[in-house]
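Residue numbers (UniProt numbering), protein chains in the order written: chain X, 1 to 342; chain Z, 1 to 342.
Read the hints as simulated data drawn from the structure, not as lab findings.
Take these hints with a grain of salt, some might be off.
Given that identical chains are not distinguished, each listed pair holds provided it fits within a single copy or across any two copies.
Unchecked claim - Below, in silico cross-link-like pairs of lysine-lysine (DSSO-like), each with a Cα-Cα straight-line distance of 27 Å or less:
{"id": "1", "residue 1": "K97", "residue 2": "K210"}
{"id": "2", "residue 1": "K17", "residue 2": "K253"}
{"id": "3", "residue 1": "K193", "residue 2": "K116"}
{"id": "4", "residue 1": "K66", "residue 2": "K340"}
{"id": "5", "residue 1": "K249", "residue 2": "K301"}
{"id": "6", "residue 1": "K249", "residue 2": "K66"}
{"id": "7", "residue 1": "K17", "residue 2": "K249"}
{"id": "8", "residue 1": "K66", "residue 2": "K253"}
{"id": "9", "residue 1": "K97", "residue 2": "K340"}
{"id": "10", "residue 1": "K193", "residue 2": "K218"}
{"id": "11", "residue 1": "K113", "residue 2": "K193"}
{"id": "12", "residue 1": "K240", "residue 2": "K66"}
{"id": "13", "residue 1": "K117", "residue 2": "K210"}
{"id": "14", "residue 1": "K240", "residue 2": "K17"}
{"id": "15", "residue 1": "K148", "residue 2": "K113"}
{"id": "16", "residue 1": "K330", "residue 2": "K112"}
Just so you know, these numbers come straight off a predicted model, no measurement behind them.
Number of protein chains: 2
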Amino acid sequence: MHEIPFEEILQRLLDLKANRVLIQTPEGLKGEAQALADFLERNGIEAIISGDINYGACDPADTEAKRLGCGALIHLGHSYMALHLEVPTLFVPAFAKVDVVPALERNIEEIKKLGKKIALVTTTQHIHQLERARTFLEENGFEVLVGKGDSRVSWPGQVLGCNFSAARVNADGVLFIGAGYFHPIGLAISTRKPTLAVNPYSGDAIWMDKEAERLIRKRWAQIAKAMDAERFGVITSTKKGQLRLAEAKRVVKLLREHGKYAKLIAMNHISYPALEGFDFDAYVVVACPRVPIDDYENWRKPVLTPREVEILLGLRDDYEFDEILGVERKEDEPPGISVKGL
Amino acid sequence: MHEIPFEEILQRLLDLKANRVLIQTPEGLKGEAQALADFLERNGIEAIISGDINYGACDPADTEAKRLGCGALIHLGHSYMALHLEVPTLFVPAFAKVDVVPALERNIEEIKKLGKKIALVTTTQHIHQLERARTFLEENGFEVLVGKGDSRVSWPGQVLGCNFSAARVNADGVLFIGAGYFHPIGLAISTRKPTLAVNPYSGDAIWMDKEAERLIRKRWAQIAKAMDAERFGVITSTKKGQLRLAEAKRVVKLLREHGKYAKLIAMNHISYPALEGFDFDAYVVVACPRVPIDDYENWRKPVLTPREVEILLGLRDDYEFDEILGVERKEDEPPGISVKGL
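Using the sequences and the hints given, assemble the complete structure.
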């Protein structure tokens with residue numbers, strides 16, 4: 001269960017004089033999105049729910065909201081990302097109703113294996129408990145480092161699937177609080193430090209290092225598979241926060257300089273079946289870095305990140321995670337709703 | 001094979017001073033789109049190919065082109081549809097290199113069964129041969145009626161999967177020239193007249209009436225399946241030419257007036273899996289009318305058109321195809337490339 005502040009959202013919409021609103025939600029909050037739509041309509045605001053799958057703040061539906069004549073967009077489940085927005089947008093992080101300290105307590109002996117100086121990171125869902133976690137860890141003798149992160153994130157210690165800037169501190173190891181492998185495996189590859197993921201729901205702790213090694217081996221296999229490729233489709237995204245056109249053009253240029261055929265492709269939802277009709281031997285995804293990493297088994301052709309292309313062309317020896325980095329972040333967002341855009 | 005006028009496209013782009021262009025294509029022209037991108041880049045214009053699946057002129061990628069910094073959009077395979085476009089857009093119909101007369105000649109005895117007065121219609125691919133077909137038919141004693149059509153189409157006699165306005169003439173039967181069931185089955189249901197589809201590639205002729213009856217029976221079964229539904233998701237599209245918000249709101253109002261729970265949903269690519277997380281008993285698609293008609297077997301819940309909701313609520317007895325109609329069309333487009341937008 002998550003805390004979605006219905007009354008506060010209503011008040012913000014009344015302040016914005018928004019009579020019609022679009023609600024955008026990740027998969028896990030669809031029920032809450034529907035309940036929010038019901039609540040807003042009982043209070044006189046016309047609510048449209050976006051049925052499109054949303055993976056992050058990198059893909060705000062502000063253009064769609066504008067097209068539908070909405071006075072505002074409600075973006076559930078993710079914090080603000082610095083992007084140009086075409087309607088006022090309420091970023092409503094969904095804070096999980098779970099205490100993170102018991103899981104830390106239970107796994108304190110494992111956490112000690114990280115070393116004395118630990119980088120503490122988490123996702124939006126648990127960021128409101130980061131200070132509680134830090135205090136608990138300090139009381140247990142750790143030196144806790146919480147990195148500021150760049151402009152892709154909203155708070156110190158926050159990580160995204162594509163951005164681990166908040167983990168870039170001078171620590172012995174990385175402690176991630178949250179569920180699943182998605183974020184901590186990226187952390188382990190990006191930081192190259194011992195990484196422990198403590199799950200506040202299950203109370204489990206998982207070391208990510210072996211998983212990270214296994215994933216890197218799979219990536220080397222993808223690179224090997226692309227060795228004979230002559231024709232490359234270089235894919236960027238039309239999602240505002242994944243539109244890395246300059247980087248995509250750099251990759252096209254690199255490939256061409258090395259005698260390859262390369263062509264720019266733009267897609268909204270990047271998946272292999274839509275590409276079947278084109279004549280390419282391999283693809284490079286210069287959009288969400290997780291598409292090639294997490295979805296490559298669904299592709300009939302090799303699919304690489306820009307860093308992996310550099311390895312392929314002999315321009316780099318070491319494996320590096322493809323992150324989307326921001327610029328310096330000026331200030332933290334408020335701990336709840338952020339209203340951004342026009 | 002299709003005729004795509006590469007040189008003329010280049011000239012139009014030079015006239016528009018477009019240094020970068022987005023190429024959008026239906027599945028069947030992906031190879032041609034890639035060849036066009038190669039050709040334009042050899043001539044100094046940066047070309048990006050859209051990898052997203054495109055089903056019609058109702059879904060122009062002009063917003064995406066603008067976001068990618070393109071000076072123009074090339075929309076392959078469909079003729080112009082009256083929409084507000086954010087960049088100059090070249091609508092490039094792809095005329096099929098196939099003579100339609102031999103197939104008509106071969107099936108003249110079947111065509112005679114339509115009656116003496118026949119409505120002649122086709123799709124963009126064969127529209128350039130409509131006059132040839134008309135002459136042939138007139139020489140064989142038919143009175144040939146070619147309806148003007150409304151503002152959704154570009155030429156007299158042209159039909160879309162969602163618009164059969166050009167078939168609305170005082171004829172005994174409808175003669176469709178083209179491949180597949182997609183257009184003629186819609187024609188048969190929409191006009192309720194004997195409909196013969198003559199395929200210029202295979203030379204075959206297929207009567208659509210039995211197919212249409214079978215489809216209507218399946219639609220009645222969908223309506224029956226939705227009889228006990230209390231909670232309806234009413235889906236409209238964020239695609240510019242499928243955004244039927246007023247009609248969607250009318251359906252929501254109708255359902256609520258009849259004691260049902262109804263909620264507005266907006267989607268770009270409408271497919272069932274993305275809706276799994278919501279709590280609805282049935283859906284109404286007020287976007288592309290072909291989604292419920294052609295894709296309903298992939299939905300775990302009943303999915304209806306607006307007309308079918310009227311039947312469900314007892315407001316209508318007869319089955320009617322859900323068309324997206326336009327307004328009066330002022331003039332025909334040129335027989336080749338149309339440049340529209342800003």
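Now for the hints, and whether the structure bears them out:
1. K97 / K210: neither (30 Å within a copy, 58 Å between copies)
2. K17 / K253: Between copies only: 23 Å across chains, 48 Å inside a chain, cut-off 27 Å.
3. K193 / K116: within (13 Å within a copy, 82 Å between copies)
4. K66 / K340: Both, since 14 Å and 22 Å are each at most 27 Å.
5. K249 / K301: The answer is within: 21 Å in one copy meets 27 Å, while 44 Å across copies does not.
6. K249 / K66: between (30 Å within a copy, 17 Å between copies)
7. K17 / K249: between (42 Å within a copy, 21 Å between copies)
8. K66 / K253: between (36 Å within a copy, 23 Å between copies)
9. K97 / K340: For K97 and K340, only the intra-copy Cα distance (26 Å) is at most 27 Å; the inter-copy one is 53 Å.
10. K193 / K218: Only inside one copy: K193 and K218 sit 19 Å apart there, 59 Å across copies, limit 27 Å.
11. K113 / K193: So K113 and K193 pass the 27 Å test inside one copy only (12 Å; across, 79 Å).
12. K240 / K66: Both: 15 Å inside a copy, 12 Å across copies.
13. K117 / K210: Answer is within; shortest intra-copy Cα gap is 22 Å, inter-copy 76 Å.
14. K240 / K17: Both. Shortest intra-copy (26 Å) and inter-copy (25 Å) distances satisfy the 27 Å Cα cut-off.
15. K148 / K113: The answer is within: 24 Å in one copy meets 27 Å, while 78 Å across copies does not.
16. K330 / K112: Intra 33 Å, inter 77 Å, cutoff 27 Å: neither.
Comparing the model with each earlier hint shows violations of hints 1, 16; every other hint is respected.
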